[in-house]
Amino acid sequence: KQAEAVFSALSSRLGDKRFFFGEQPSTLDAVFYGHVAVILLAPMPEPSRLSSAVQRYPNLVALIGTISEWTSLTPQAPPPAIDRPITTEDKPEASSKKVLTAKEKARRRRT
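Going by our numbering, 59 is the number at position 41 of the sequence shown; the sequence numbering is gapless.
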């Protein structure tokens, strides 16, 4: 029942807009997507009660579709090309500070 109330409030807030606050996605859209996309998009043997509750609100389902499309169209930067084998010279230098164990820290405090 709590989920139903939340979905109802979110559906009212979204209305017929593309995103919760208009034409641009916001933090609320991202948080909503992070929580609800799993409910709708994860393969399940049968629909869950939460999935059924969300599907009662076509605008919320459409928002999940919009964000899914939008995020899949975002170009990803390719990884940098390396034209030679990676060597130890490529790794950042290790810190010269020694990591102390709890016993070593206690011993230093006593002296």
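Since the hints were made in silico from the structure, they are not lab data. None of the values given here were measured: they were computed from a predicted structure. Any given hint could turn out to be false.
[Claimed, not checked] Simulated restraints on C-beta separations: (1) Glu64 <-> Asp34: 30 to 36 Å; (2) Glu122 <-> Phe39: 51 to 57 Å; (3) Glu41 <-> Arg74: 41 to 47 Å; (4) Ala48 <-> Gln73: 47 to 53 Å; (5) Pro76 <-> Leu118: 16 to 22 Å; (6) Glu122 <-> Ser70: 55 to 61 Å; (7) Ala120 <-> Leu59: 17 to 23 Å; (8) Glu64 <-> Lys121: 23 to 29 Å; (9) Arg36 <-> Arg74: 42 to 48 Å; (10) Ala124 <-> Gly40: 53 to 59 Å; (11) Ala120 <-> Ala23: 45 to 51 Å; (12) Ala124 <-> Val56: 42 to 48 Å.
Each residue gets a CB set at the ideal place from its N, CA and C atoms; glycine is no exception.
Hint-by-hint comparison with the structure:
no. : hint                         : result
1   : Glu64 <-> Asp34: 30 to 36 Å  : holds, 31 Å
2   : Glu122 <-> Phe39: 51 to 57 Å : holds, 53 Å
3   : Glu41 <-> Arg74: 41 to 47 Å  : violated, 25 Å
4   : Ala48 <-> Gln73: 47 to 53 Å  : violated, 21 Å
5   : Pro76 <-> Leu118: 16 to 22 Å : violated, 59 Å
6   : Glu122 <-> Ser70: 55 to 61 Å : holds, 58 Å
7   : Ala120 <-> Leu59: 17 to 23 Å : violated, 45 Å
8   : Glu64 <-> Lys121: 23 to 29 Å : violated, 55 Å
9   : Arg36 <-> Arg74: 42 to 48 Å  : violated, 20 Å
10  : Ala124 <-> Gly40: 53 to 59 Å : holds, 57 Å
11  : Ala120 <-> Ala23: 45 to 51 Å : holds, 49 Å
12  : Ala124 <-> Val56: 42 to 48 Å : holds, 45 Å
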